[in-house]
Amino acid sequence: MSEYTKPLPTITDENHPFWEGCRQGKLRMQKCGDCGHIRYPISHVCPKCLSYKFEWADLSGRGEVFSYVVFYQLYNKAFEKDIPYNVALVQLDEGPRMYSNVVGVDNDAVKIGDEVEAVFDPVTPEVTIPRFRLRTTTS
Amino acid sequence: MHPLRDKTAIVGVGASPQGKIPGSTAISLAVEAFKRALDDSGLKKEQIDGLLTMPGSTSPEAALNYLRFGETVGINPRYTGSKVMGGGTAGALLHEAALAVNAGFANYVACVFGDAAATGGSRFSRASGWGDSWAIWGFMSACANSAITASRHMALYGTTSRQLGEIAVACRKHASMNPNAIMRKPITIEDHQKSRWIVKPLHLLDCCLISDGGVCVIVTTRARARDLKQPLVLISGMGQAYTTENMEREDWWYVPHQKLAVTDAYNMAGAGPQDIDVAQLYDNFTSSVLLWFEHGGFCKVGESGPFVEGGRIQLGGELPVNTAGGNHSESYMEGWLHIVEGARQMRGECGERQVQGAEVCLVTGRGQALNCSNATILRKG
Chain A
273 MSEYTKPLPT ITDENHPFWE GCRQGKLRMQ KCGDCGHIRY PISHVCPKCL SYKFEWADLS
333 GRGEVFSYVV FYQLYNKAFE KDIPYNVALV QLDEGPRMYS NVVGVDNDAV KIGDEVEAVF
393 DPVTPEVTIP RFRLRTTTS
Chain B
5 MHPLRDKTAI VGVGASPQGK IPGSTAISLA VEAFKRALDD SGLKKEQIDG LLTMPGSTSP
65 EAALNYLRFG ETVGINPRYT GSKVMGGGTA GALLHEAALA VNAGFANYVA CVFGDAAATG
125 GSRFSRASGW GDSWAIWGFM SACANSAITA SRHMALYGTT SRQLGEIAVA CRKHASMNPN
185 AIMRKPITIE DHQKSRWIVK PLHLLDCCLI SDGGVCVIVT TRARARDLKQ PLVLISGMGQ
245 AYTTENMERE DWWYVPHQKL AVTDAYNMAG AGPQDIDVAQ LYDNFTSSVL LWFEHGGFCK
305 VGESGPFVEG GRIQLGGELP VNTAGGNHSE SYMEGWLHIV EGARQMRGEC GERQVQGAEV
365 CLVTGRGQAL NCSNATILRK G
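Chains A and B are the protein sequences, given in the same order. The first sequence maps to residues 273 to 411 in this note's numbering. The second sequence maps to residues 5 to 385 in this note's numbering.
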C-alpha cells in the first residue's frame, strides 16, 4: 500500500472529537451549549453568541451540493493522479457548510442541488476523511 | 451632504514597467513607481509626509513594509502604516489616505505597492481556511474561491461561460489600446472557450495575470491640489465593507458586502449607477466582475450575464469597463492600476482608449477569499 501523501489534519485536543467521529463513521460537529448553534469550522468559541460551552453533536451526514467545482490545475503534487477531481461546498441539513469531495460518480454527474450523504474514507490508521456520495434517487 | 464628498484629490499617479522584470524586487518596483508618481504630481520627495503601503506577496518584511520602503526612499512620514487585504488593499489605503489628509495627519500621502510575483514565485496558490485547511479535500488557490461563486451563479441564474468570456474579451480589447499593458493581442469568445480549464467552471482566460510591477498614488486635499500641475481628480465617494464569516454566512459566495461598499460610495458622492461614465471593476476572475454589475445597481440580481453581452462593457458601449485592460490584460497589480486608470480617465489623458466626455468613474476592489471590498467614485474636478 502506497503512502498517503496528501494534506492531513493535525490532530489536536480541540479537533480530536471531529476526527475520532469520522473514524467511527459519524459526522460530528460542535453545538453551542447556550444558543444551540452548530458551527463549522471547529472553533473554541461560538461565533454567534461567543459562548465557550459546547457539546459534540452527531449529525445526520445528509445535505445538498451548494456549489461545485472541478480542479484541472495542479496546485499540490500529491493530487497529480486525481486530476481532474471535484470539490463540493456541501450544505448540511443541520446548517453548517463544509468543503468535501463527491465520490463514486463521474465529475460531470454532480449538479448543484443534488442530495448527498457522508461516507468515510480511512486514508491512514489515524485519519478518516469525510466525503460525500449522491443519495440514490428512487424516481 | 457628506462632509468628505469631493474633499480629496488624486494628484499623482505612477507605475513601474509591468510584466516579467528580471532582477526586480518588490521594493525596487515600488521605488520606481514612487519616483514616477512624484514626477507626475510635481511634488518633491520632502513634501511627502504620509506613507501607506501594501507589501507584495514577495516582500519578506510583510507588514513592516512601510518601514522598509520609507528607509529606502529616505522619508520620515508624520503618518504611515501597511495593510494586507489582498486585492482589497489598494482602495482601502486610498480611503485611509483621504481620511489622513482631511484630518490633518499629513498633507501629501503616497500610497505604494510593489511586487515581484511573476519572477519571485507566485504565492497565490495556497489553501483556504485556518487550522485543518481545506487542502485536505484538495481545495486550494484563489481561483477556486471564485469558481465556487461562478458555479453557483450559473446554477441559480443560467449564467454561461461565454458570458464570462465577454469580460475577458473586453479587458483584452482595451489592453490592445494601452502601450503599457502586458497582454495586448485581442482575443475572441472562442479563444476563451478553447483555453484550458483551471478550476471548472473557470478557464485560463477567466483568470488574471501574475505580474511584477509597482504602483504609487499620491493623495492630498482638494484645496492643496488646486496648486499642483495635474487636472483636478476628486475622490467624490468612498465605501468599504467586509464579510469575514465565510462558511458561517450562507450568502458569502455572493460577496454581499460589495453592495454595501458601492452603496456607501454612491451615497457619499450623491451619485448612482446612472451617473457612472466608466468603471474600473476589480477582476481577479471574470466572475468577480459580473457581481460588481449586480451590486453596483447596473442590473438586477442574476442578470449580469446577459448584461455584459453585445459590447455593452467595451469602449464605445454603454458602460466601458477596465479601460486599461484590468488585472486580466494590463497587469496584475491587485487593483492598484484600476485607481491609476480611473484618475487618468478623469484627467482625459488616455488617448485612443479615452472615454469621451467621461466625468465620473467607479473604481472597485476586492480581496482575500471573497472577504474584502471597497468602492471609490472619482470625479473630474
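Source of the hints: derived by calculation from the structure; they are not laboratory data. Each hint should be verified, as a subset may be incorrect.
[As the list claims (entries may be wrong)] Lysine-lysine pairs mimicking DSSO-like chemistry, simulated, CA-CA at most 30 Å apart:
| # | chain 1 | residue 1 | chain 2 | residue 2 |
| --- | --- | --- | --- | --- |
| 1 | A | Lys278 | B | Lys204 |
| 2 | A | Lys383 | B | Lys384 |
| 3 | B | Lys87 | A | Lys383 |
[As the list claims (entries may be wrong)] Covered stretches of chain A, going by a simulated chain B footprint (3 or more residues, C-beta under 8 Å):
| # | segment |
| --- | --- |
| 4 | 304 to 318 |
| 5 | 322 to 335 |
| 6 | 348 to 356 |
| 7 | 364 to 376 |
| 8 | 385 to 391 |
[To be verified] Derived CB-CB ranges, DEER-like:
| # | chain 1 | residue 1 | chain 2 | residue 2 | range |
| --- | --- | --- | --- | --- | --- |
| 9 | B | Glu65 | A | Glu336 | 39 to 47 Å |
| 10 | A | Lys320 | B | Gly46 | 35 to 43 Å |
| 11 | A | Ile355 | B | Ser126 | 35 to 43 Å |
| 12 | B | Met5 | A | Pro356 | 19 to 27 Å |
| 13 | A | Cys321 | B | Gly108 | 53 to 61 Å |
| 14 | A | Gly305 | B | Glu194 | 51 to 59 Å |
| 15 | A | Gly367 | B | Pro21 | 48 to 56 Å |
| 16 | A | Glu327 | B | Gly78 | 57 to 65 Å |
| 17 | B | Leu160 | A | Asp393 | 24 to 32 Å |
For each residue, glycine too, the CB sits at the ideal point set by N, CA and C.
Looking at the structure, which of the earlier hints fail to hold? The structure breaks hints 2, 3, 5, 8, 10, 11, 12, 13; every other hint is satisfied.
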